[in-house]
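K.L.:
Listed below are the residues making up each chain.
There are 2 protein chains.
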Amino acid sequence: MNKHPEFLLNKIGNPQDLKKFSLDEMKKLAEEIRTLILEKDSAEGGHLGPDLGIVEATIAYHYVFNAPEDKMVWDVSHQTYPHKMLTGRAYGWLDPDRYEDVTPYTNPDEGPYDYYAVGHTSTSIALATGMARARDLIGGHENIAALIGDGSLTGGMAFEGLNNAAVEKHNLLIVINDNQMSIDENVGGVVTALKKLRDSNGKAADNPFTAMGFDYRYVADGNDIQAMIDAFKATKDVDHPIVLHINTLKGKGYQPAVEHEREHHWVLPFDLKTDKTKIPSSDAPSAKSVAVDFIKDKIKAGENILAINAAIPSVFGLIDIKDNYPEHYKDVGIAEQESVAFAAGAVKEGAKPILFENSTFLQRAYDQLSHDIAANDLPITMIVTGGGISGQSKTHLGIFDNMMIANWPNWQYLAPTTLNELRSMLEWANKQDKHPVAIKMPVLKLPMGKEVSEDYSTIHYDIERGSKVAIIALGDFYHLGEQVRDLLKDKDINASLINPKSASDLDSEALDDLTKDHELVITLEDNQISGGFGQKIASYYGPTKMMVKNFGEKKEYTDNESRESIYKRNGLLPEQIVDEVISVLG
Amino acid sequence: MNKHPEFLLNKIGNPQDLKKFSLDEMKKLAEEIRTLILEKDSAEGGHLGPDLGIVEATIAYHYVFNAPEDKMVWDVSHQTYPHKMLTGRAYGWLDPDRYEDVTPYTNPDEGPYDYYAVGHTSTSIALATGMARARDLIGGHENIAALIGDGSLTGGMAFEGLNNAAVEKHNLLIVINDNQMSIDENVGGVVTALKKLRDSNGKAADNPFTAMGFDYRYVADGNDIQAMIDAFKATKDVDHPIVLHINTLKGKGYQPAVEHEREHHWVLPFDLKTDKTKIPSSDAPSAKSVAVDFIKDKIKAGENILAINAAIPSVFGLIDIKDNYPEHYKDVGIAEQESVAFAAGAVKEGAKPILFENSTFLQRAYDQLSHDIAANDLPITMIVTGGGISGQSKTHLGIFDNMMIANWPNWQYLAPTTLNELRSMLEWANKQDKHPVAIKMPVLKLPMGKEVSEDYSTIHYDIERGSKVAIIALGDFYHLGEQVRDLLKDKDINASLINPKSASDLDSEALDDLTKDHELVITLEDNQISGGFGQKIASYYGPTKMMVKNFGEKKEYTDNESRESIYKRNGLLPEQIVDEVISVLG
Numbered sequence: 042m043n044k045h046p047e048f049l050l051n052k053i054g055n056p057q058d059l060k061k062f063s064l065d066e067m068k069k070l071a072e073e074i075r076t077l078i079l080e081k082d083s084a085e086g087g088h089l090g091p092d093l094g095i096v097e098a099t100i101a102y103h104y105v106f107n108a109p110e111d112k113m114v115w116d117v118s119h120q121t122y123p124h125k126m127l128t129g130r131a132y133g134w135l136d137p138d139r140y141e142d143v144t145p146y147t148n149p150d151e152g153p154y155d156y157y158a159v160g161h162t163s164t165s166i167a168l169a170t171g172m173a174r175a176r177d178l179i180g181g182h183e184n185i186a187a188l189i190g191d192g193s194l195t196g197g198m199a200f201e202g203l204n205n206a207a208v209e210k211h212n213l214l215i216v217i218n219d220n221q222m223s224i225d226e227n228v229g230g231v232v233t234a235l236k237k238l239r240d241s242n243g244k245a246a247d248n249p250f251t252a253m254g255f256d257y258r259y260v261a262d263g264n265d266i267q268a269m270i271d272a273f274k275a276t277k278d279v280d281h282p283i284v285l286h287i288n289t290l291k292g293k294g295y296q297p298a299v300e301h302e303r304e305h306h307w308v309l310p311f312d313l314k315t316d317k318t319k320i321p322s323s324d325a326p327s328a329k330s331v332a333v334d335f336i337k338d339k340i341k342a343g344e345n346i347l348a349i350n351a352a353i354p355s356v357f358g359l360i361d362i363k364d365n366y367p368e369h370y371k372d373v374g375i376a377e378q379e380s381v382a383f384a385a386g387a388v389k390e391g392a393k394p395i396l397f398e399n400s401t402f403l404q405r406a407y408d409q410l411s412h413d414i415a416a417n418d419l420p421i422t423m424i425v426t427g428g429g430i431s432g433q434s435k436t437h438l439g440i441f442d443n444m445m446i447a448n449w450p451n452w453q454y455l456a457p458t459t460l461n462e463l464r465s466m467l468e469w470a471n472k473q474d475k476h477p478v479a480i481k482m483p484v485l486k487l488p489m490g491k492e493v494s495e496d497y498s499t500i501h502y503d504i505e506r507g508s509k510v511a512i513i514a515l516g517d518f519y520h521l522g523e524q525v526r527d528l529l530k531d532k533d534i535n536a537s538l539i540n541p542k543s544a545s546d547l548d549s550e551a552l553d554d555l556t557k558d559h560e561l562v563i564t565l566e567d568n569q570i571s572g573g574f575g576q577k578i579a580s581y582y583g584p585t586k587m588m589v590k591n592f593g594e595k596k597e598y599t600d601n602e603s604r605e606s607i608y609k610r611n612g613l614l615p616e617q618i619v620d621e622v623i624s625v626l627g
Numbered sequence: 042m043n044k045h046p047e048f049l050l051n052k053i054g055n056p057q058d059l060k061k062f063s064l065d066e067m068k069k070l071a072e073e074i075r076t077l078i079l080e081k082d083s084a085e086g087g088h089l090g091p092d093l094g095i096v097e098a099t100i101a102y103h104y105v106f107n108a109p110e111d112k113m114v115w116d117v118s119h120q121t122y123p124h125k126m127l128t129g130r131a132y133g134w135l136d137p138d139r140y141e142d143v144t145p146y147t148n149p150d151e152g153p154y155d156y157y158a159v160g161h162t163s164t165s166i167a168l169a170t171g172m173a174r175a176r177d178l179i180g181g182h183e184n185i186a187a188l189i190g191d192g193s194l195t196g197g198m199a200f201e202g203l204n205n206a207a208v209e210k211h212n213l214l215i216v217i218n219d220n221q222m223s224i225d226e227n228v229g230g231v232v233t234a235l236k237k238l239r240d241s242n243g244k245a246a247d248n249p250f251t252a253m254g255f256d257y258r259y260v261a262d263g264n265d266i267q268a269m270i271d272a273f274k275a276t277k278d279v280d281h282p283i284v285l286h287i288n289t290l291k292g293k294g295y296q297p298a299v300e301h302e303r304e305h306h307w308v309l310p311f312d313l314k315t316d317k318t319k320i321p322s323s324d325a326p327s328a329k330s331v332a333v334d335f336i337k338d339k340i341k342a343g344e345n346i347l348a349i350n351a352a353i354p355s356v357f358g359l360i361d362i363k364d365n366y367p368e369h370y371k372d373v374g375i376a377e378q379e380s381v382a383f384a385a386g387a388v389k390e391g392a393k394p395i396l397f398e399n400s401t402f403l404q405r406a407y408d409q410l411s412h413d414i415a416a417n418d419l420p421i422t423m424i425v426t427g428g429g430i431s432g433q434s435k436t437h438l439g440i441f442d443n444m445m446i447a448n449w450p451n452w453q454y455l456a457p458t459t460l461n462e463l464r465s466m467l468e469w470a471n472k473q474d475k476h477p478v479a480i481k482m483p484v485l486k487l488p489m490g491k492e493v494s495e496d497y498s499t500i501h502y503d504i505e506r507g508s509k510v511a512i513i514a515l516g517d518f519y520h521l522g523e524q525v526r527d528l529l530k531d532k533d534i535n536a537s538l539i540n541p542k543s544a545s546d547l548d549s550e551a552l553d554d555l556t557k558d559h560e561l562v563i564t565l566e567d568n569q570i571s572g573g574f575g576q577k578i579a580s581y582y583g584p585t586k587m588m589v590k591n592f593g594e595k596k597e598y599t600d601n602e603s604r605e606s607i608y609k610r611n612g613l614l615p616e617q618i619v620d621e622v623i624s625v626l627g
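Going line by line, the protein sequences match chains A and B. Here the numbering used here is used: the first residue of the first sequence is 42, the next is one more, and so on. Here the numbering used here is used: the first residue of the second sequence is 42, the next is one more, and so on.
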C-alpha cells in the first residue's frame, strides 16, 4: 500500500509531468525522494550515499531534458533511485509491498527510460559516445549524455571514453558528478586535478578536460536545483562534446551518511533513529577474518607484504590494514587492471603482494592475469571473493571465475573447504616463489575444520574412499558433497567423497585410481559449468569408460534471483543430485 | 659472423661501457644502431618505426642511468632493439646467423636488463609504480622509470597508471615518447592535449600531467642525444613522480618510414633500396577480403554499418573503409574496452556495429564481452582474428579465445571452415537482431568451399556420416579433420567428419544420434583445450558410454616457437591423432 499518498511524487507518471512543477515543488520533491530512499534502504539495504547526493541533479535533468528520447547513461547506475522514481517506478519506494518490484540498477526490462543493465563503473562515456556516433550516422538529433562519478573516473575505461568523446563532432554531454568520494576515499592524480578545479570555481588553468579539447562548465553546488537547471539548459542541444563538472554532497540529507561516507555508500538494513545496522555482526572467525589476520601476522613478522585492492577495502576487511599499516597498503582506485599490474611490479621488486579482488570486477583485469602475471609466471597471491552462485544483480554475478582464472597457464587456483585449509593455502601461497596463486574465498559459510599445513605445489586429493560413485566437491560446495554422500548411503551407494583443492590442477594419480572401482564421477562447483572445473574432469576421463556428470550453474545471467531458486533450477539441491546420479547409473 | 666488426657497438658489452663514450661517438653509435635495425628488419621483418625513433633516447638513458639497478619498463617493448643492442645483445643484429637468438620484445630470460615479458601496450606505468612502491617498502633507492608512447596513452590502463603514479611519494620517472603516431595515426583527446604541449614548448597552461600533480619537463627534440642526456640527468634521482615529455620522430633515419609511418610501424622483409616488400602479395580472396567486401557491400546497400577497431585498421584491411567511408568507421585508439562498449552504445541507438578484434588484445575487453554486451544481450557482430596456434611471442598468443568468448551466456561464437561459410556467417550475424555473434577468422588458409546461406540461430552440424569414430573439427582445423578421416580409412575405420560451426553452442540432436553407432568422438580445435570447445563435448557425453578425446594445445605459453613444433609437441599432426585414436579404441 502506498505509504505516502500525499507526496507530490504521486503526480509524476513520467518525466513530462515534472515540467509543470515550480522550483518550490521540486524542492519539496527532493525532500520526498530522500525520505523514500532512507525508508527503503533502512528496511531493505541498498545504495545510500550516491542516491542521496544526486537527487537535485536528477530532478533538474528530467526537468530540462526529454527522456526517453534524450538519453542519459548513468555510470554504475547505483545512483538511479531518484531517476527510477521520476520515470514511472516510484511505486518501488512508495509502497513497501512493492520494494522488490524495482531492481537496484538501471534495467531496460523496467521500461524505456533505462538503456542498459549497468553495474560496473566507468563504462558510461563509451556507451554514450557510441550512441552519439550512431545517432549522427542515422541522422538523429536527440541529446546524449553520460553521468559519471569522480570515483568511477579512476577506471581507465572512463579515460578511454573521454579520449574518444572529446573528438566527437556533435552533441555529447558528460556530467562529472564530483562528490569527492569513491566507495572509500577517492585516490590518485584525478583527485588532485578535480580539487584544483573545485578550488578555483572551475577556472584552474590546469584543466584536464579542456586540455583534451572539451568545452567545460562548472557548477559549485550540484545540489542546488536551480543551478543544475541552468547548467542543463546551457548544455542542452550543444553541437559539440562538453564536460559539465558538478560538485555534489554524497549522502546529503542524512547526517550520518555525510559524516561517514564510506559506511553509507551501501548499507544493510538499519535503524533510522540510531543509524545502527539491524543485521547482527559476529565475532566468529570467517574467511575474511582469517585472510586479514594472516596479513597482519606476516606484517608483524617483518614481511614486505603489500595488501592491494581496487577501491573496496571494506568489502575485504582491509580498513584495519589501511589505518594501521599504511605502508603495507595500496588502494589503486576502481582500476583492476592497475591493481594486478601494480602487484606484478611490486613482486618483481621483491615485495610480497597480496591482491584482493572481487570475482565480478576481476573480469576487468583479465588481460593482466595473463599478460602481466601468467606469461611472466610471477608469484603473487590473489584472494578472490564473491566467486559463487548468489542472488546478485546480473551485472554482479560471481559464477565465472573458475573459467576466468583456472584456464590460464601457470595460475594455481585453490579453493578451501574449511577455514583452517584457507589458512594453510594462504601460508603456502605467500611462502612459495614459483607461480601465481589465487585463492577462492567461499561465498558459503565454511567450518573451521581440522588443522592443516600443506604444500600445494602438486595437488593431492583428499579422499574418503567408497566405490562406484565418486563425488568431487570443490571449495564451498564440499559441504553439498557431504550431503549427497550421506543421501546416497540411504540408497545403498557408498560413494567416495573428494576434496580436489584446486580448480585449475588435477590429481591424475587419484583420478586414475578411481577407475578401478568407480563407474561415475560427479563434480560439484559453485560456479558456471561451461569452461569451469568439472569440464576438465570430464575431458580427463573422456578417453576412458568412466562416466562423468558435471554439476554447477548453466550458462545464464540471473538477476536478483534467490540462491535457492538458482540451485533448484540448476538441479543443485542434494536430492536432485542424488536423483540424477541414480538416473545416470541406470 | 659479425658483419660489422668495425662498429663502435662492438665495444659495448653492457651499458657501463657506454659511459666512456663522447657525444660524437654516441652519435656514431646511433647511426650504427639504425643501420643494424634496417639490415635485420629488411631481412627478417620486425618493428621498424618505433625503434628508429627511440635510438637517441635509449643511448642517453643508458649513458645517464645505471641499469640493471636503475630500471626502465618499456611499454609494449616493441621499441627495445636499441636497448637490447646496448645491453649485451648486439650479436642479435651484428651477426645474421644469430638474428633468431634475440627475441623481439623484452625478455627476462635474456639477462638482467629486461624485467618483464611485455607485448601489450599501456601496462608500463602500473608496473613501474608497483616497483617504485616495493622499492620504498624495502628501503631501496634506485631509479624506476617507465617509457610509454603517445599511442599507448590511449589505453585506459595507462591512465590508471598515471593516476596512481601521480601520488607516489618518491622517485618515479615517466617518459612520454610522443612521436605523434599510434600504429595508425593516433586518435582522441590525448592527441589534442599533447599537441598543445608541443606547440607551446611544454608551457601550455592546459597540462593534464601537472593537473594530476606531476612535475613535468619537456624536450622538443627527443632525437638530440645531448638534450636527452640533459633531461635524464635532470630527472635522475628526483624524489617525486615526474613526467618527461619527449618529442621524437618515428622512423627517423629511414625516409620511407618517416613519410609512411603506418606502413613502417612493423614490416615484412623488404628491399632496402626500393622499400618494396619481399613477400609477394596475393589478390586471391582471403578471410580478410571476404570480411571487408561484406562491409562495403552493406554500406553501399545503405545499412548503418559502423566498422570499429582498436588502433590496428591495417591488420584488418580496414584502411579502405577508413578512407572511403569515414562516417562508417571508428578507430577508438588502443582501447579495446572502449571499442566493445562503444559498439554496445552504437547498436542500442540503431547502428550496426561490426567490431574487429585481435584475439590476444581482446583479452583487455573481457569484462565488456560480459557486462556490456552479453548481460544486455546486444546484437553486435565481432570479428576475431589471430585466434589459433601460431609462432608468436608469448605475449601475443591467440589460443585463448574459445575459452574467452564461447563460455559467456548469449554469445554465439561461430567458426567457418570455408570462405563461403564465412560470408554466410557474416550475413546472418549482421541480419539477426537477437544476440551478440562473434566470428572466428581462420589463422590457417581456408578454401572457398561451396556456396552456403544458413541461419545459425540454432546450430545444426554438417555431418559426413561414418561410424565408430566421429571427428568434430572446428573452424580452420576442419582440414586437419579431413586428413585424419582419410588416414583412418587406411586403418579400415570409416569415421564420421563433422563441421560443428560453433565453439559455443552444441547440436545435441546430432551428438545424441552419434551414440547409436560411435564409440569415440574426437574434437579438434585450433586453441587451448582447457576451457575450450572440446571440453564442452566431453562434458556433454560425460554421463554416457561415449568416449571423447580432446585435441588442441595444452595449457602453456610458447615463445616464438614454430607452429609445426607446437603441433608436434601437442600431438596435433594427423598421424599422431590417428595413433591416439587407435590407442583409445584399444
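FYI, nobody ran anything at the bench for these hints, they're computed from the structure. Don't take every hint at face value.
Copies of the same chain are indistinguishable here, so a pair counts whether it falls within one copy or spans any two.
For lysine-lysine, the following PhoX-like pairs were computed, each having C-alpha atoms within a straight-line distance of at most 20 Å [what the hints assert, rightly or not]:
| # | residue 1 | residue 2 |
| --- | --- | --- |
| 1 | Lys-363 | Lys-210 |
| 2 | Lys-557 | Lys-60 |
| 3 | Lys-210 | Lys-236 |
| 4 | Lys-277 | Lys-210 |
| 5 | Lys-596 | Lys-475 |
K.L.:
Confirm or reject each hint.
P.N.:
We went through each hint and held it up to the structure:
With identical chains, the CA atoms of Lys-363 and Lys-210 are at most 20 Å apart between copies only, with a shortest distance of 16 Å across copies and 44 Å within one. For the identical chains of this complex, Lys-557 and Lys-60 are neighbours neither inside a copy (76 Å) nor across copies (69 Å), given an alpha-carbon limit of 20 Å. For a Cα distance limit of 20 Å, the shortest separation of Lys-210 from Lys-236 across copies, 19 Å, qualifies, whereas the shortest one inside one copy, 29 Å, does not. In this assembly of identical chains, Lys-277 and Lys-210 lie within 20 Å of each other by CA distance solely inside one copy; the values are 15 Å within and 42 Å between copies.
In this assembly of identical chains, Lys-596 and Lys-475 lie within 20 Å of each other by CA distance solely across copies; the values are 17 Å between and 34 Å within a copy.
In summary, the structure is inconsistent with hint 2 from the numbered list given earlier, while agreeing with all the others.
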